[in-house]
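J.: Turn these sequences into a full structure, and let the hints steer you where they fit.
Here the protein sequences line up with chains H and E, keeping their order.
In terms of our numbering, the first sequence opens at residue 1 and continues consecutively.
In terms of our numbering, the second sequence opens at residue 1001 and continues consecutively.
Just so you know, these hints were derived from the structure itself, not from any lab.
Warning: the hint list may mix true and false statements.
DMTMM-like mimics (lysine to aspartate or glutamate), calculated; alpha carbons at most 25 Å apart, straight line [unchecked claim]: (1) E:Lys1276 - E:Asp1012; (2) E:Lys1174 - E:Glu1213; (3) E:Lys1276 - E:Glu1207; (4) E:Lys1362 - H:Glu28; (5) H:Lys192 - E:Glu1261; (6) E:Lys1046 - H:Glu36; (7) E:Lys1009 - H:Glu180; (8) H:Lys192 - E:Asp1237; (9) E:Lys1046 - H:Glu37; (10) H:Lys35 - E:Asp1081; (11) E:Lys1174 - E:Asp1281; (12) H:Lys164 - E:Asp1018; (13) H:Lys139 - H:Asp127; (14) E:Lys1046 - H:Glu28; (15) E:Lys1356 - E:Asp1451; (16) E:Lys1082 - H:Glu28; (17) H:Lys40 - E:Glu1409; (18) E:Lys1165 - H:Glu172; (19) E:Lys1273 - E:Asp1021; (20) H:Lys35 - E:Glu1044; (21) E:Lys1309 - H:Glu75.
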Amino acid sequence: MDKFLKLSAVAAPFLKKNVDTDLIIRIERCTGMPKEELGKYAFEMVRFLPGGAENPEFVLNQPRYRGAQILVCGEFFGTGSSREVAVWALASFGIRCVIAPSFGQIFFNNCFQNGLLAIVLPQATVDALAQSAAAPAAKPFTVDLESQTINGSVRFDIAPRNLKMLLEGLDEIGLTQAMEPKIAAFQAADRKRRPWIYPST
Amino acid sequence: MSAKTMFDKIWDQHLVEDLGDGVHLLHVDRHLMHELSGQRGQLELKARGIKIRNPELTIGSMDHVVSTVPGARGGNFPWADKMIESFRAEGKKAGVKIYDIGEDGQGIVHVVGPELGFTLPGSTLLCGDSHTCTHGALGALAWGIGTSELTHVLATQTIVQQRPKTLRARFEGKPAHAITAKDLILALIGKIGTAGGVGYAVEYAGEAIRDLEMEGRLTVCNLSIELGAKAGMIAPDEKTFAYLKGRRHAPAGALWDQAVEHWKTLPSDAAAKFDKEQVLDCSALAPQITWGTSPEDVIGVDGRIPGNKPEALAYMGLTEGRQIAGTKVDRVFIGSCTNSRLPDLRAAAAIVRGRKAAKHVKAWVVPGSWRIKQDAEAEGLHEIFLNAGFEWREAGCSMCVGVNGDLVEPQARCVSTSNRNFVGRQGPQARTHLASPATAAAAAIAGEIVDVRGF
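T.: Here you go:
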C-alpha cells in the first residue's frame, strides 16, 4: 500500500448529503474488474448523462476540478453497501483524501485499508473548506498527515491506528498474524468456555 | 461487577488483544460468505499465499449473482457463472461448506445464517455485506465488512475494530394490528435519520420488539445499517431458543443446554447505562412507505409528500403536498434479506388471496432461501401468488440490488420490501418505495400505493 505523508492537490466541493456507495460505483462494476480500471466508472450515474456524454453540471467534470485528489463532502458520505470497490473506484479515479462531517462506517474502515485518508470535521469546518475550494481564486489544498492539518491551520484528528496505517503503509493481516500465539491461546481457553462455538469435526 | 450492556458483554468475551486507543483485536466466531464479495476475498487470500485459518467457522451461500428465473441453476451472465464456479471450487479446496444452488441451505446469507442455526446468540458474526447486522436479531454481535477485512478474517479468524458506543432504541406502546416489523424500523429511521446511529451499536428493546417473532426481529435488525449503526441487536429470549433448537448448525444435546445457560446471561443488566437512548411510540403508527431516495425519507401511507428534498422528488417523479396513496406503480418486489421469510410471504399472500394484480403491474415474489421456497409451496402460497398473476421465482438477492440482472426499468416505480431506495439502486433511474410485504402486495393489487388497512 502507498504511504501517505503530505498531499497538495486540487480540492473539489461535493456537499451532497448521504452519497451512498451505490452512487460511487454501480454494483455491476463489482464483478471482478481489476482495481486500477474502476476509476472510469466512479460516480457514473451523475458524472455522465443517460446518453453517455459527460454531465457538465457534475463538479468533477468542471475544468477547474479535473484531476482533483481531495473531495470535500456532505454528511454521511459512503453510506450503504459494504463494497470496497467504492474505495477502489475513488482511488483509481485519483482521489486520495475525502473530508466530511460523517462517513458510512464500513466505507470509512475500507478507506484506511486502501491508503485513502478519510477526515471527519464538524459541519461548519467542512462548509468553510468547501467554500474556499469553490472560491474563484481557490488554491490547491495541502493535507499534512504528520501535523494533522489542512492548509496549515485546520486541525483534524485521526485515530492513532489509522494514522499509523497511512504513515507506514502497514499490512494489517501481517500484523495480526504476528499475534498468532494470542489467537491460539484465546481459542484454546474459549473452547472450554463456549465449546458449542467450535464444531467437533 | 458493574452493570453491563449486552453489547459490552459480548464484545468483552471476544477480546483477543487490546491494541490501544480503543482499538481491539476480536475473535470472529462465525463468518459468512457469498459469491460476490466472498469470491474476491478468496482470490485476495490466494494471491497472498495464505490458507483459511478456521474453515470450519465459515460457511458460504450463493445469493447475489444467481438467476432467480424459475428453474434456473446458475447466473444470468457468463461472468456470473464464472464467479459461481470459482467460489464453489475455492470453497471446496479450502474445506469451507458452500450451500450451492438447488441445495437445502442455499439462499440469501442473512436468511440462511439464522435458518441453519449458524448464527448463535452471543457470537460475533461477520460477512462481506452491509446487511450482516441482520443477525443481531438472535443476540449475535454482527456487522458487515469490506474485502480487506474479509480477507483478514479468513487469514486470522479475528478482526481489528474500534469499539463503538451503545444506543438503546425502545419501541414503546402496542402497534396496531396492521403494523409490521418493517413499519417499526422505518419509522425509527424516519425519526432519527440515516446518520442517527453512526458510531453506535444499537440494542432494540421495548414491548413492541419483545412481541415480534424471530423473523420480524430479523427485519428490524436488518435495517440497522440504514440507521448508520455499526450493529443492531435484540436480547435473546425463549423465542430465540425455540427458533434455534434443532437447526442444522445449532448445538445439540448437552452442548445445547450448556449454550442456553450461557445465552441467558447475555441480556443487558437492568442497571446498564447506554451512551444514548431513543424512544419510539408505536401506538399511533400508520403503515410506512418511503417517498425519496434515502430510507429516512419515510412517511405514513396516509400522509402527504414533503417538499424538503426537491432533488429527491424530481428523481422520484413526485409532487410536494400530494397524498402518497394513489401514486401509480409499475413494479412490486417482495423479497430481499429484509422481508423474504415465510411469515413475510404469508402476510403478502393474505392480501393477495382471491385477488388479481393490476394489469399494468409486474409483481415478483422471490423467497429468501431454497428452504423457504419449499415450505411456502407446501402451504400453497405459490399458487396464491401465481393465480394473482405474480411471478414466483428462485431464491436470491434479486431486485434488491440487481447485480444478477433483475432490474427495474428506467423511471419505472417499484414498491419494494427491500432496504435501499438509493438513486439507481434497483436499476438506472429506477424509483423505489420501501414498504412492508403487506403494503407491497396491496400496491400490486390496487396498481397504486394504497393503505393496506383498507384491504
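J.: Against the 25 Å threshold, does the CA-CA distance of E:Lys1009 and H:Glu180 hold or violate the hint?
T.: Since the Cα atoms of E:Lys1009 and H:Glu180 sit roughly 24 Å apart, the hinted pair holds (cutoff 25 Å).
J.: Hint check: H:Lys35 vs E:Glu1044, CA-CA at most 25 Å. Holds or violated?
T.: holds (12 Å)
J.: If you draw a straight line from the CA of H:Lys164 to the CA of E:Asp1018, is it 25 Å or shorter?
T.: holds (16 Å)
J.: Are the Cα positions of E:Lys1276 and E:Asp1012 separated by 25 Å at most?
T.: Between E:Lys1276 and E:Asp1012 the Cα gap is close to 20 Å, so the pair holds against 25 Å.
J.: Mind checking the alpha carbons of E:Lys1082 and H:Glu28 for me, to see if they're no more than 25 Å apart?
T.: The given pair, whose Cα atoms are some 15 Å apart, holds under the 25 Å limit.
J.: Are the Cα atoms of E:Lys1046 and H:Glu36 separated by 25 Å or less?
T.: Roughly 19 Å between the alpha carbons, so the hint for E:Lys1046 and H:Glu36 holds.
J.: Take a quick look at whether H:Lys35 and E:Asp1081 sit within 25 Å of each other, Cα to Cα.
T.: holds (21 Å)
J.: Given the hint that E:Lys1276 pairs with E:Glu1207, does the C-alpha gap stay at or below 25 Å?
T.: holds (19 Å)
J.: Would you check the hint for E:Lys1165 and H:Glu172, treating anything up to 25 Å between C-alpha atoms as holding?
T.: OK: E:Lys1165 and H:Glu172 at ~24 Å, within 25 Å.
J.: Given the hint that E:Lys1046 pairs with H:Glu28, test it: the Cα-Cα distance must not exceed 25 Å.
T.: Holds, because 24 Å separates the two Cα atoms, which is no more than 25 Å.
J.: Take a quick look at whether E:Lys1356 and E:Asp1451 sit within 25 Å of each other, Cα to Cα.
T.: Between E:Lys1356 and E:Asp1451 the Cα gap is close to 17 Å, so the pair holds against 25 Å.
J.: Compare the distance between the alpha carbons of E:Lys1362 and H:Glu28 with 25 Å, and conclude whether the hinted pair is satisfied.
T.: The hint holds at about 23 Å.
The structure shown violates none of the earlier numbered hints.
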